[in-house]
Each structure stands twice: as C-alpha cells, then as structure tokens.
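Undergrad: If you want the building blocks of each chain, they are given just below.
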Amino acid sequence: MSRHRLVGGYAFRHFAGQPQPTIEDFGLPERVVITIPRGTSPAPEVLVRRGAHVRAGQLIAEVLGADRRCIISPISGTVAETGPQGPDGRDVTIASDGSPACPPLEGVIKDWRTEPRERLEDLLYAAGVAGMPTRLTTAAVGPEDVRHVVLNVVAAEVYDPSVAVLLDGRRDHLAQAIGILRALYPRSALHFAFDQRSGRLLDPVREALSGESIGWHRLPARYPQQMEALLHDAISEHPRAPGASALEAGTLVLDLQKAFAVRDAVADGLPAVSRIVALCGPGFARRPHLRLRVGTPLAEVTRRFLRQDGPYRIVEDSLLRGRTLDGEGGAVGPSCSALIAVPELAFEFLGFARPGLHSDSYSRTFATSFLPLAKSADTNLHGEPRPCIGCGFCESVCPEGLMPHLLHRYVQRDFVDETLVRFGIQRCLDCNLCSYVCTSKIDVAALLRTGRRRLAAEGLLGPARAAGASA
Amino acid sequence: MKAPSISERVARIRILRPFVGILQTVEGIVLGSRELTPGAPHILDHIEMKRYMAVVILALAPSTVAAVVFFGLHALAMIAVSYVAGGIVEVAFALIRRKEIEEGFFVTGLIFPLVLPPTTPLWVVAVGVVFGVFFGKEVFGGTGRNIFNPALVGRLFVTIAFPAMMSSSWQLPFTDAVSTATPLALFKAGQDMPPLRDLLLGMAPGSMGETFRVGVIAGGLLLIATRVANWRVPVTYLATVALGSLVASRLSPAVAPPLVQLATGGLLFGSLFMATDPVTSPLTRGGKYVFGVCCGLVTLLIRTRSGYTEGVMFSIVFMNAFVPLIDHFVLAAKYPRAKK
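The listed protein sequences derive, respectively, from chains A and B.
According to the working numbering, the first sequence is numbered sequentially starting from 916.
According to the working numbering, the second sequence is numbered sequentially starting from 13.
Same shape as in the complex, but just chain B:
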C-alpha cells in the first residue's frame, strides 16, 4: 500500500477539495508521477505533456530572450502579465473542473505576448490573453478540444478591438524610438526595406517574437527534430508561400518576391510555432499538407490583396476553422465507404 500523497491527504478535507488539482499539478512537477502501469504495456515512453511543452518553451527561448534584449523590461513585463492574467483563467477553470492545470497554457502564455508589438500596454496584454484563453480554449472544453489557437484568438481580438495600437507603433530594437511601419508595410507602400541580414537578426521592427528570425528558425528546427512539431505543416506552408510568391511576383510587382515574403512579418514564427499546434491542425497526414498549402495561399492573398499588411495570424485562424472539414474529406478518401 502506498503512503497517501499530499494531495490525497488534502482531498480528505472537504473544504480544500477543489484545490487538489492544483496540488497534484505541483506534485507532478516536483515528484513525478506516483502512478504505475496497470498491465501491458508494463513500461511507458518517458515523454509526457510537461516535457513536451517544456521543449516548445525551449524552442521559444531564443525569440523570448531576443525580445527582452531588444525591447527591454517592458517585454518582460508583458510576458509576466500574460502568464499571470491567463494563469488566473486557467487556474479558475482547473478549480471549477476539479482537474490539474493543463500544461498547454504555459506555451500559450508565452506565445501570446510574442505576437504583439513591443509597445503594447500591459492592460491590453491582460485583456487579450484572458479573451484568448477563455474564448479560444476554455469554452470549447479545455486542452485538446479547442478549434482555434488560443494565442491567435487573443491576438485577433486585440487587433480588431485596438486597431491603431496594433498596427501603427512599432518599436525599433534597442531604442525607444517608434516607427509607423514594419518592413512588410514599407514594401506595400513601395518604399525601401531593411536588408535581409537585418531582417534575420532582428534589427527591424515587428512583433516581439518574430524579429529574431535566426532564433525562430533554430527553435522551429528543434521542434521538428524532436518530433514535437510535425514537419508537414511548416514545410508545406513555407513552400507554398515561396512558390506562390515566386509565380505571383513575376506577374505583378506589387507581390513581394519569395525571400522577402519569408523574411518579413510573422510567417516564420507563425508557421513554425502556431500552425504546428497539434490540437488545431489536422489529424490526418494528408490533411496537414492541405492545411499548409491553404494557409500559404490565404497568407499570400491577405498580404497582397487586403488592407492588412500581415496575413499570417488571420490565415491560421481561418484555416483552423476548416480543419475538421479537411480531416473529414481526407478520411473519406482514405477509407472509402464500401459500395453497397
């Protein structure tokens, strides 16, 4: 007979019972699992959700560190506010559902501030993350059941609710100076853009996480190498944007050529960290290809044809809505109904 764990002892006190889930979360982090396999298979893979999310956070580390280095303590404050505000929603739902805190939030809480401009006021960060976690995830039933990427839902909300704040003041790295245009906006206006090297190393304005593109690429490759992210979505997404813009830029000078497309905006960050979210991308392999291609096409469409300069977040959320449909058709093709 195992000695009762701390959370088991707390569970005996009625008034403390809703907090058992939170205690179990902490116990799980520090002491690992007390559970044993019930039968065959008698041993299990060592991967678990905490490690899975820890790898994603590790992959986000270069962008996060770069954001703090480029944009100072305000960036750190944004991240802290995001975790605290979103964490309150997560903990509240864990208490209501009497479950442990789901690890997915630790990634959402970091990704959300990274897709915001560095000048975003802290209260906007808080409002955005609460909206994103609540309407993007919790109302669907929590982790594993959401249709839309929660960080992107929050981002969409603040973009539409506070449009001026989100698109017109982009801080230049290492300074407090603010410019009104990102490289993509400059291209659209027909003006000169910063050189490629600046774009890759983060010397150009943009949202906090997207600027240090070398770090984004490194993190993305880490995710793919560790099998945490499926390679199919980012590869097809980026390939579609590259090929599509290759063709379209020959036909119209208003369309940026492939290298500019890939090196500007949130495309690298979005395709490697957000489109790869396993919950909101298709279950089927064929579906992942379709998802990647469609995301690429919609991104190009929004970037070239719409009033917005950046299409990545819209295209991912838009395609998230189609994921069940894509899976349905791929399954119907792969497992055809027997003809009666």
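With the rest of the complex left out, here is chain A:
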C-alpha cells in the first residue's frame, strides 16, 4: 500500500547487457586510489604521510562538517602518494602489500544487542559508513528526527545489480541489519520498498521477520521510483516540502549493500573496505558482479573486462544520473554499486528511418514498443537539437508532474523570477527523464538546473532547496 502513487516515470525494460547473476572475487588490486572529499569545512587533514604503512581499516582522514565521516584505508600497504588539493578533494594512493587480511575494528563488540546505542554509532563511524544520522555526524537531520528507515530494493534503473546476488546467503544478515537499525533508530518505523521481482526474492526474509512491525511496500519498477525522495513520498504520511530531500523530510533510505555494511560493522566489527560492483552494459565482455576493494583503480577492472573495440564511456551507478568515470585514472568509489560501459557511437546509417528493433523510446514509434526485443544503449544523441515543439513527452514522464517544456522556455528566454517558483521548479528531482525523452534533443534538465541555480542566487528559493541548488 503506497501513500503516493508514482506519476509519470518511465520503465526501462529489456536493455541488453544486464549483469550476470554470478559473483567473482576480484582479488587485491595493486594499489587503491581514495578521494578525500573537500567537504564544507576546512579541507580535511590526511593523517598518514607518504611512505607510511597502513592497515586495512585504518583511519587515514576525517571529513568534518556536514556529513562528517571517517575515510579508512581499504587495503594494507604503503602510502605511495598524497595528491594536491583539487576542487573535489585530494587523492591518496596506497600501494598494496599483498595481504588480504582486514583486522576487525578496535572496539568490536561481542553482542550488539546488549550494547547501548552510542557504541553502535561509534562502530559505524569508525567503519567508515557514511550517510547515517548519528550523534557523531552533523548531517541534515539528527538521529531523533529520523521517522522512517527504508530498505530500498526497487530496481528501476536501466541497469541494476542483481538483488539475488546481493541477497545470496545473507538473508540472516539482513534480518540482523533490521535489528541493528531498530537499535539505532528506536523511534522510527522500518520499511522495505520492493518491486515485483525483488519481492519474490524477499519472501523468505519477510517470513523470518513476520513477527516484527515492518512496512512492506510493493512499488512499480518504474524509473525514478527508486530515488530517495520518491520512496519517502510512497511510504511516509509526512509530506515533503517542495525540493526537500528524503532525509530532510525524516526518511533514511539504505540500499542492500549499505544495510549489509551497517550489519558487518556493528555485528562483526568489519570496516567498510569492500563492495560488490555489478559490471553492466554492452561494453564489458563479461559482466559478473565483482567483489572488490573500494578504491580499486578502474584501469585494473577495464583491463580485465572491457571490450577492446571501444571507445566506451564508463558511468557510475545510473545511466540517467550517474557521473562519467575516467577509465584510466578513476577508481571505484565508496558508494559505487555498478559500472556501466556504453559505446560512444558516432553515427548510424539512416538512423531515423530504421524499424528500431533495438531502439528504446517513450514514443511508440519503434518496433521495440510492440515486441520484447533487447534494447541497445549508446551515448549517441540520436538526433539533432531542434526548437521545442511542445510534444509533451517531458510532461508525461515527469515524476513530480511539472511541465518541463514550459519551464525550460522561461529559463531559455531569461524570465527567471517567482513565476518559475509558482510553477514548481523547485520540486524538480533531477531525474533527467525530461532530457531523456525530448524529441528535440534539448537538455531540458540542465536548463531547469540553471533556472534553480539562478533562483537560489536571487534568494527566491526556500532555504532547503537553496542549499541543494548551490551544490
């Protein structure tokens, strides 16, 4: 039973290049690259010098300010280099010493059930688990303000890691994670958000937890239902202020990996040094799920798995919202769940006239609308930019019910004033669906972001949204 049904949205189905339901141990990388983010306070100090030996799980920097957290070393080895402070942060490179051991955290506890909440919070913090409101973080809300905790198992992206692979053999751990979350947030309600497919995989968990009061919400697997703000809208009776994030509205959203990281930190004292990353997209020759250390250089992954008939673009997590990763210099980030390789296709002979046996489209003008054929993904624009004709596709898919075709015209013509606020521009979630479906190939979402930025600069947006718009 969902409180607010998703309007608009778009279901990405049948895309070829889904990750295989297997998991492989990538092993230790030769070196790892950790980015110490800038944060909002004075730049965090790196606590280890070049040449110092670090253990896996050892603290190497502490990011202060909002979203305060620990940055820990994912491997044992020697600090090879601490890069200069850049606009995003600084990189620390650690060369592996080949030892896979990962000692438990200091202060590991025997039975978390008997410990006070503060000890659990300390462990989480020391393990490097970020984004959880505790007494130690100064995140958007404090732990007392968390009203709902949602475990997100909705798979609505173009490519998603396999829930079956993530859950494999860890159903008990999931139940433990629920217990730990209850201990951390005793006053909040717990929920599972799942779709039709993952719901079946969660049935044993649901049975095991049948005595507990947990909300079970079946939601449509339609992008962008899995976005935190929309999960909040679906499960919470508290309305979210326009433009506010889920956390600001009192809902904490965790995905499965985060829940397991919480459980591992508290129940076993394991620092968050490794992740399961799904390889997706037509650019990878094989697409297993990889268990690898945070900070593994992308070059090591691409060397082993990327096809050689490139060029391919590597995107983190979401083809609609994720950032491009540098295949040579980039590394696996601490919250990365999927690496997606899509071809950078520079031309398609008579592209517009083809029957479209592999072309995805919101309009039903391609064969894929009528036949369940495998769809291809590539970074081609598939058309030339044209003026807006008011086809209305963007309005039909907008999950907030906005009118992007109207709003972007105002921004284009420089009419940036309260009218845009009246039309709800601050409710935009940045899901980028409007840009995806645009027939005229206009980057509508970018124009809406520009509009919000200008409104924030003029002080016309509310305080909550202004903080997000300036980011």
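Rather than coming from a laboratory, the hints here were simulated on the basis of the structure.
Heads up, the beta-carbon is just placed ideally off N, CA and C, and yes, glycines get one too.
Interface residues of chain A toward chain B, partial, derived using beta-carbon atoms under 8 Å:
hint, residue
1, F1264
2, G1271
3, R1279
Given chain A, work out where chain B should sit, using these hints.
TA: Then chain B, alone, in the frame of chain A:
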C-alpha cells in the same frame, strides 16, 4: 578526436558557410547524429524530429495515395509543387538563419495540398504554400514559434483570395467530371447526400486529403497510438461536434445530425492532423480539452450559421489565436498565485 565531418570541412571555406546548415541536414538524414551526450543522462531516447515527422507522413500516406488514385496525376503535381515552392522558402530561411532545415516543413508541404480541392491550379498551390510557410511560420521565428498552423494559413489565404476556385469546382473521384457541391453543401441546400459508405471510402467530392475517410481515421489512430499526436484534442473536438449536433439537430432540422457532421467535410482530417499540431495547440492538458471543445463549437457554428459550408479550417485557425490565452488561464488555475 573525431575526424571532421563533411559539413565541418565545408564550414572552413568562407563562401560556402551559409550552406553548412543544408549539408548538416543531409548528413543528419543519412549518417545520423555525430553528437554524443555531454553527461547525465548518458543515453537518450531514440525519438527525434525526423522520425516524429516521418510518422506523421506515414499517417498521411493513406490519404495521399488515395488522393493520387482518385484524382490522377494532377494531385501528384500539386504535392510536388507544394514541396518545391514551400521548400524554396524553407531553404532560404535556413540559409539566412544559418541553421539546418527544420523537419516540420515536410509535413506542412504535404498537408497543404491535401486540404485543397483537386482542381486547384498549380500556381495557386505555389502561391498558397509560400504564403502559408512565410506568414504562418517563418515570420514568427520558424518551427516551434508559430501561433497558427502554416498549412491552414495558406489555405485561408487562397480561400479568401480565390473564393470561386476554392468552393465551386469539386472533382468527383476517378473522373474528370466536376460538380459544384460537396456533400455538406448539398445538405445545407436540403438536397440528398451520398450514402455513408461512399463518404467513408472517398466516393464523394471534397478536398484531396479528406475524402478517403477510412484512411484518415487509420492515420489518425496511428498518430495517437504512437503518442505523436495527443489524443485529448481530437477526441474532445469530435465529441463536441457529435454531442453538439446531436442536441442542435433535434432542435433544428437545418443542423446536420452527428454522423453526417463527422463524415462530411474536413472534420476528421482537421481534427486528427491539424488541430493536433503540438506547436499550435495548448501546452497544458486542461487547455487541450478547452481547445478541442471550442474548436468543435466554432466548427458547428460556422457550418450551421455562416455562409461557408465548411468550418473546420476557420475554427482551428481561430482557436490557434486563443491558445496562449487558454494556457494562461489554465496555468493560473493550476498554479494559483499565493495570497499575500
């Protein structure tokens, strides 16, 4: 680094620079786009303007083929002249603006001759389409900025400039014979009309595209099914005409009953292909309903109360002028100003 495209190479030669837009158009058609997404979203929908317009032309194909079959080579000549004459205006503006040729013209160039009587002289077709494209679209700033449907602007112009030619010689299909009255005119004069089956299959005189009504309906359904045309406008337009004439025909025998209204004149063609033009119909969903209803009412009014037998083209152009106002009120209702 990408190898420079043909149009990029041509752009380096100064004297050829104005033609780059045209070259890019051809390149885009044959080779598809060379551009990649700059960032998120990293993949894009495969729909594009060329395909969008190609679907509209596909939907117009049954009417076009029927027009050529019914009315012979002159119909083909009219279509060719329309594309060439209108195309000259389009290309001229593309050159002046240094942009690619906008695809919307490929639909306008086909729709315009389809709303003309099959006996229209070719020079009238040329004059009409040039007027329509120029004053109906280009002076407003080109595609996406026009208020009025360009094909209808051209049609209005030739109707008012050459009234006799436009209303009194209607060719019967498969013959060279010319009659002076369309079924609607016959009804207005109180005379017998052709049976429904003839009306649907195109055995009755009318403008080139409207006669093969089965094809028009099929094409219209294709447009709605592919989401290229929004269903709200044609459904409310036709429903209003049907309901309005149902009520009015009971009150006065001078008003044709619903089935006659729907099956005669350019109503089906106009509501499915012209009122649905996304640029000239309202942006808001509520506005689309209002637009459809008002078009229906004005059509009925013109058909019953005015000297013209056919009201569709006038009513659509008339309502096009009100579209910004309709949108304004719908937006004001949907997003009320905060009370201070």
